[in-house]
Structure formats: structure tokens, C-alpha cells
Amino acid sequence: MFLALKELKHAKLRFFMIGMILVLISWLVFILSGLGNGLSSLSASSFKKMDAEFVVFEEGSRHSMLRSVISDDMTKDLKALPNVEDAAPMGYRSAVVLKENVTSDDEKIDVSLLGIHPGSFLEPEVIEGHSLEKGKNTEVIVNDSLKNQGIHIGDTLEIEGSTEVITVVGFVKNESFNHLPAILMTMDHWRTIHFAAPGSDMGINNPVNAIMLQGKQINPDEVNQAIEGIETTTKKEAINGIPGYTAENGTIMMMLAFLMAISAVVITVFFYVLTLQKSNQFGIMKAIGASNAFLGRAVVSQVFLLAVVSIGFGILLTYGTAAILPDEMPFALDLKLVFSYAIVLLIVSVLSSLFSVRKITKIDPLQAIGRIE
Amino acid sequence: MQGIQFKNVSKFYEEGDSEFTALNNVSISVNPGEFVAVVGPSGSGKSTFLSIAGALLQPSKGNVMINGTNLKDLKSIELAKLRLEEIGFILQTSNLVPYLHVLDQLLVVKKMKGSITAEDKRYAKELLEEVGLGNKVKKYPDQLSGGERQRTAIARAFINDPNIILADEPTASLDSQRAFEIVELISKGVKSRNKAAIMVTHDERLLTYCDKVYQMLDGNLELMKKQPLTNH
Ligand SMILES: Nc1ncnc2c1ncn2[C@@H]1O[C@H](COP(=O)(O)OP(=O)(O)OP(=O)(O)O)[C@@H](O)[C@H]1O
Ligand SMILES: [Mg+2]
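So the protein lines, in turn, are chains A and B.
Going by our numbering, the first sequence opens with residue 1, and the numbers climb by one from there.
Going by our numbering, the second sequence opens with residue 1, and the numbers climb by one from there.
In case anyone wonders, no lab produced these hints; they're calculated from the structure.
Given the structure is predicted, the values throughout are model-derived calculations rather than measurements.
One thing to keep in mind: the hints can contain errors.
[To be verified] Every beta carbon over 10 Å from chain B, so not counted as near; a handful from chain A, in silico:
1) 6
2) 148
3) 158
4) 179
5) 188
6) 229
7) 287
8) 288
9) 304
10) 369
[What the hints assert, rightly or not] Which bits of chain B does chain A cover? Going by a derived footprint, with three or more residues having C-beta under 8 Å, they are:
11) 32-40
12) 69-81
13) 85-92
[As the list claims (entries may be wrong)] Label pairs and their calculated CB-CB ranges:
14) A:244 / B:98: 53 to 61 Å
15) A:293 / B:73: 17 to 25 Å
16) B:173 / A:254: 50 to 58 Å
17) B:73 / A:250: 36 to 44 Å
18) A:280 / B:20: 53 to 61 Å
19) B:98 / A:293: 17 to 25 Å
20) A:354 / B:175: 22 to 30 Å
21) B:135 / A:293: 53 to 61 Å
22) B:72 / A:293: 22 to 30 Å
23) B:175 / A:280: 20 to 28 Å
24) A:335 / B:72: 25 to 33 Å
25) B:175 / A:11: 28 to 36 Å
26) B:72 / A:354: 47 to 55 Å
27) B:85 / A:335: 43 to 51 Å
We treat Cβ as the ideally placed atom computed from N, Cα and C, and that holds for glycine.
Let the sequences and hints guide you as you build the complete structure.
Pasting the structure below:
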């Protein structure tokens with residue numbers, strides 16, 4: 001620390017510049033992580049938040065709600081299976097809704113309609129208004145982002161392409177699916193909308209898209225064997241099956257990985273070049289008795305200090321950015337996520353400095369003797 | 001046994017098929033309180049000799065004892081510790097750390113050992129006072145003259161109170177007036193603190209400060225017949 005701090009103070013400009021690079025990189029890392037987080041919750045928050053461990057789809061549907069239609073009659077059979085604690089079905093379709101008596105196209109809202117059984121574990125808690133009730137089929141609870149579109153409790157909405165109308169009775173938080181805010185309704189009403197065309201249910205009794213299972217001990221293979229025509233997956237795989245989710249996430253993860261690699265290279269090169277420049281100086285210090293550990297610690301602690309300060313500034317800037325980003329941006333900073341990326345960046349930085357440490361251990365103190373520089 | 005002893009020390013360098021003898025069967029003993037000079041033409045092996053004395057280079061043959069410890073028995077980390085605690089180096093110019101001010105140049109040596117105490121600071125200031133830098137303790141190397149830098153290096157060599165002081169051409173980049181001052185300072189430090197000191201130099205005029213003068217010729221070290229004047 002002694003050498004590290006003194007040198008940082010003495011060569012402020014030099015370290016300020018490398019610090020700036022680190023600030024920018026960490027800033028970008030945090031912004032991307034916020035964006036990734038926001039996008040993935042927009043794409044799948046209703047799935048992510050649900051309190052289930054496994055999802056049952058139709059066989060051959062490749063984990064997609066869109067391709068899967070199974071019968072709700074299975075739910076009770078599934079519940080009877082060993083290790084299954086509870087089971088509840090879900091239906092999904094996208095739709096365009098419009099406040100009743102509004103004709104302007106600008107007021108149309110794209111949404112995801114999710115059908116569930118009122119009172120099942122799939123129903124989220126309302127933050128305003130009241131929950132769904134059995135039998136009151138036209139009542140719906142909606143994601144609170146629709147408030148920005150001027151939707152209030154008590155509003156009646158028309159569904160484009162359907163004669164059905166729905167009434168908003170409650171708001172829920174962070175419920176969206178397939179990038180669209182969710183409207184949750186009773187399964188019965190969802191069916192009348194989704195399977196409005198005759199025969200579109202393919203003759204399946206009480207059709208739903210998927211059935212969610214609770215129970216950590218569930219063995220998906222056993223479930224598949226017990227009931228004909230289904231495939232059971234973990235919630236994680238089901239989330240990956242949501243259109244665009246894997247591609248989006250993959251892209252962002254790749255960018256993050258690149259940023260980590262860039263910061264590793266930048267730090268490695270910068271400190272390695274610095275170490276080469278100072279090799280004579282290190283040689284002299286070794287000659288007068290400095291151990292490799294002493295000099296190595298100086299470099300590592302220097303990188304550590306620089307990284308901590310820069311990443312700290314990066315975090316500040318990120319929260320500053322978050323404050324001015326428009327609400328509609330799918331940007332969700334998660335403190336835990338920010339913190340873990342900060343730690344990863346820090347580890348990457350410190351590991352990168354080890355190249356310089358290795359170089360230092362190879363410097364021969366003999367070079368200090370018999371030379372005029 | 002205190003001080004530094006060479007017993008039949010040789011150093012060979014491989015040169016293709018043949019061997020080049022940089023040091024040939026050198027024996028010398030320098031006791032505490034003794035200030036010894038080594039002179040000789042360029043390429044005769046002076047720096048090689050000093051590097052071995054300073055535990056930076058292992059001899060090919062023979063034994064080197066520092067304060068009774070045979071350097072052969074030490075591992076590299078122990079050698080670093082021995083250099084830190086038992087040897088004070090005064091090298092040629094620009095051997096200071098550029099981003100440390102004069103006082104820190106001394107304290108960093110203490111830091112290599114562990115932590116810096118108030119007593120260390122007091123002693124460092126006392127040493128700097130002795131070499132005439134009492135009013136420059138907060139100056140950085142690039143703000144010092146060549147002579148002032150060498151004085152800092154002298155003070156640094158003494159900070160850990162080592163038993164051995166080694167100087168390789170400490171006056172190489174100074175004019176003769178400065179050079180006299182520097183060697184006088186080294187000599188004073190060596191005498192008052194009872195160190196065993198070896199200085200390699202080109203400058204014959206400086207030899208008046210030394211107790212014994214050895215000459216290096218093609219790797220052979222010999223005591224010079226003509227004893228220099230005892231110093232003042
Ligand atoms: N690593 C090495 N490999 C081969 N030969 C070397 C090596 N180091 C030194 N020598 C040779 O050993 C001899 C003695 O070198 P040394 O540096 O000790 O000379 P010196 O007396 O200090 O000279 P100068 O007064 O010019 O500094 C020289 O001929 C040099 O070429
Ligand atoms: Mg030399």
C-alpha cells in the first residue's frame with residue numbers, strides 16, 4: 001500500500017486516465033446489466049415470479065406456450081403424482097386492447113392475456129383494487145405499467161378482434177410476458193377469447209397452454225411417464241422457451257463478457273507496460289532488499305485501489321443514468337446484480353495485475369549494479 | 001565473525017564453448033570499521049565482485065561469508081532478507097524511486113521490513129540531517145541535484161543499520177568537488193557506525209579516504225603496495 005498510494009498520488013494524470021477507462025467500462029457493464037435485467041423481466045417476469053418449479057407442456061411443443069395445448073383435466077391427475085405439491089394451469093395469448101368508446105388508434109395497447117384460476121398459486125397479489133373472483137369472468141387485474149396509458153380501476157376495455165369486454169378491478173406489479181404488460185383473467189374467460197373460433201381447441205376438453213407444478217423433488221421423467229402426451233421441464237427451460245428470451249439474454253451476456261475481456265486486456269497491458277518501464281527501479285529495490293511479495297503487493301493493491309474507486313464511480317454514474325432514463329425503457333437495476341458485476345470486474349482487474357507481478361518476480365536485482373541509466 | 005569474507009572466490013561466465021574468468025580465486029576480508037576501495041580498469045571484474053559481495057550473484061567457486069553466514073546456504077528469499085538487513089547499497093545515480101520524496105526513500109526500506117515507527121522517522125531525519133539534507137526531506141528526486149541524490153542514497157544505505165556498506169562508483173556522475181564530499185560522507189558514516197565498507201571507484205583521488213586499496217586486474221584482486229594517506 002505504501003508504494004501503491006505514493007505512486008498513485010505522484011502520477012495522478014497517468015492513473016486518472018486508466019481510471020477513466022475503467023469508469024467507462026464499468027458504467028457500460030452496469031447499464032447493460034440493467035438493460036438485460038429489464039428486458040428479461042419484460043420478456044418473462046410473469047414466468048420468473050411464479051412460485052413453481054416445473055412446467056408441463058404438450059408433447060412436442062418444445063417448451064413453448066404458443067405451441068402447446070393440453071387439457072386442464074390433467075391438473076388433478078398431476079396433483080395426485082408423488083412429489084407434486086400443487087398444480088395450476090395457465091393460458092397465454094397476445095392481444096390489443098382499447099379503452100371502451102375510444103376510437104383513436106393511438107390509444108391501442110399491446111398486452112399479453114394470461115388465463116389463470118382465481119386463487120391458484122399463479123395469481124399475483126394486487127397492489128391496488130381486488131383480486132380475481134371465480135365466476136366474475138369479465139373482471140381482470142393488470143400490470144401497473146398500464147397506468148401510464150391512462151388505465152384506471154373500473155375502466156372497461158375492448159379486445160380487438162373479439163366482442164368480449166373486460167373490466168379492470170386491480171393492479172399488479174411487474175407482471176409482463178413476451179415483452180408485453182400482462183392482463184390476468186379467469187381461465188374461463190381467457191378460453192372464450194382464445195378459442196373463439198370453432199374447432200380451434202382441437203377437441204381438447206378445457207384447453208390450457210401449460211400446467212405449472214410446485215414441488216422441488218419432482219422428477220420430470222416420472223411425470224412424463226405417468227401421463228400420456230406431455231413434456232415436463234424446469235421453469236428455467238420454460239423461460240428459455242419464451243420467444244426471443246434466449247437470443248436477447250445471450251446477446252447481452254456476450255456484450256458483458258466482451259466488456260470483461262476488454263477491461264482485463266486494458267488493465268493487463270497498462271500495468272504490464274508500466275512494470276516494464278519501471279523494471280530498473282524494481283531491480284534497484286530488489287537489490288536493496290525488497291522481496292517479490294513486497295513489490296507484487298504494491299502492484300496488486302494499486303490495481304485494487306484503482307478498480308474500487310473506478311467501479312464506485314461507475315455505479316454512481318449508473319444510478320445517475322437510471323434516474324434520467326424514461327420510464328418506458330426496459331431498464332431495471334438490481335442491487336444484487338450490480339454488486340455481483342462489480343465484484344466480477346474487481347476480480348478480473350486484480351487477476352489481470354498478476355501478469356505484472358509475474359514479470360516483477362523475474363526481474364534480476366543484478367541489473368541495478370554496474371549501470372548508469 | 002563480523003564483516004565480509006571472500007575465500008578463494010571465482011566466477012566464470014560461459015562463453016560458447018570456453019569459459020571466461022571474471023573473478024579468479026579472490027580472497028579478501030573486510031572488518032567492521034574498515035573502508036576498503038577497489039580500483040581497476042574497465043571490465044576487470046569490479047562490478048562482478050561487488051555483486052557477489054552484495055548477495056546478488058552466486059560465485060562459481062569458493063565461499064562468501066557475511067556476518068558469519070555462508071551465502072551458499074541461503075535461498076533467494078533469505079538472500080533478499082539478508083540484503084535488506086545486513087547490506088546497505090549505494091549505487092550509481094538515479095537509484096532512487098522517482099515518486100518518493102527524500103524522507104520516504106529511507107522509510108520505504110523500513111516498510112520492506114514491516115511497518116514504520118516513530119523511531120524510524122526520527123532516525124531517518126537524523127541521517128538526512130547528517131548528510132546535509134535536513135531542509136530537503138520533502139523534495140522528490142527530480143528536484144534534487146546529482147550530489148543531493150547520492151546523499152539520499154547514502155542515508156538510505158544506513159537506515160537499516162546494516163553491517164556492510166557497498167558502493168559501486170558512487171561518484172560516477174559527479175564533479176570532483178561533489179565526489180570528495182560524497183566519499184567523505186560515506187567514510188564518516190562507516191567510521192562512526194563501525195561498518196565494513198567496500199567502494200568500487202575509478203577515481204584515484206578519492207582513495208585518501210580509504211583504509212586499504214585493492215586493485216582488480218583481469219579478475220585478480222591484489223592489495224596495492226602503496227598505502228594511501230590516512231584520512232583526516
Ligand atoms: N552476464 C555476463 N556474461 C558474460 N560475461 C559477463 C557477464 N557479466 C560480466 N561479464 C564480463 O565480466 C567482466 C567483468 O565485468 P564487470 O562488470 O565486473 O567489470 P567492471 O570491472 O565493473 O567494469 P567497469 O569498470 O567498466 O564497470 C567483463 O569482461 C564482462 O564482459
Ligand atoms: Mg562496473
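Outcome of the hint check:
{"no.": "1", "hint": "6", "verdict": "violated (6 Å)"}
{"no.": "2", "hint": "148", "verdict": "holds (55 Å)"}
{"no.": "3", "hint": "158", "verdict": "holds (73 Å)"}
{"no.": "4", "hint": "179", "verdict": "holds (54 Å)"}
{"no.": "5", "hint": "188", "verdict": "holds (77 Å)"}
{"no.": "6", "hint": "229", "verdict": "holds (71 Å)"}
{"no.": "7", "hint": "287", "verdict": "violated (6 Å)"}
{"no.": "8", "hint": "288", "verdict": "violated (5 Å)"}
{"no.": "9", "hint": "304", "verdict": "holds (18 Å)"}
{"no.": "10", "hint": "369", "verdict": "violated (5 Å)"}
{"no.": "11", "hint": "32-40", "verdict": "violated (count 0)"}
{"no.": "12", "hint": "69-81", "verdict": "holds (count 3)"}
{"no.": "13", "hint": "85-92", "verdict": "holds (count 6)"}
{"no.": "14", "hint": "A:244 / B:98: 53 to 61 Å", "verdict": "holds (56 Å)"}
{"no.": "15", "hint": "A:293 / B:73: 17 to 25 Å", "verdict": "holds (22 Å)"}
{"no.": "16", "hint": "B:173 / A:254: 50 to 58 Å", "verdict": "holds (56 Å)"}
{"no.": "17", "hint": "B:73 / A:250: 36 to 44 Å", "verdict": "violated (60 Å)"}
{"no.": "18", "hint": "A:280 / B:20: 53 to 61 Å", "verdict": "violated (25 Å)"}
{"no.": "19", "hint": "B:98 / A:293: 17 to 25 Å", "verdict": "holds (22 Å)"}
{"no.": "20", "hint": "A:354 / B:175: 22 to 30 Å", "verdict": "violated (45 Å)"}
{"no.": "21", "hint": "B:135 / A:293: 53 to 61 Å", "verdict": "violated (35 Å)"}
{"no.": "22", "hint": "B:72 / A:293: 22 to 30 Å", "verdict": "holds (24 Å)"}
{"no.": "23", "hint": "B:175 / A:280: 20 to 28 Å", "verdict": "holds (24 Å)"}
{"no.": "24", "hint": "A:335 / B:72: 25 to 33 Å", "verdict": "violated (59 Å)"}
{"no.": "25", "hint": "B:175 / A:11: 28 to 36 Å", "verdict": "holds (31 Å)"}
{"no.": "26", "hint": "B:72 / A:354: 47 to 55 Å", "verdict": "violated (32 Å)"}
{"no.": "27", "hint": "B:85 / A:335: 43 to 51 Å", "verdict": "holds (50 Å)"}
Checked against the numbered hints above, the structure breaks hints 1, 7, 8, 10, 11, 17, 18, 20, 21, 24 and 26 and satisfies the rest.
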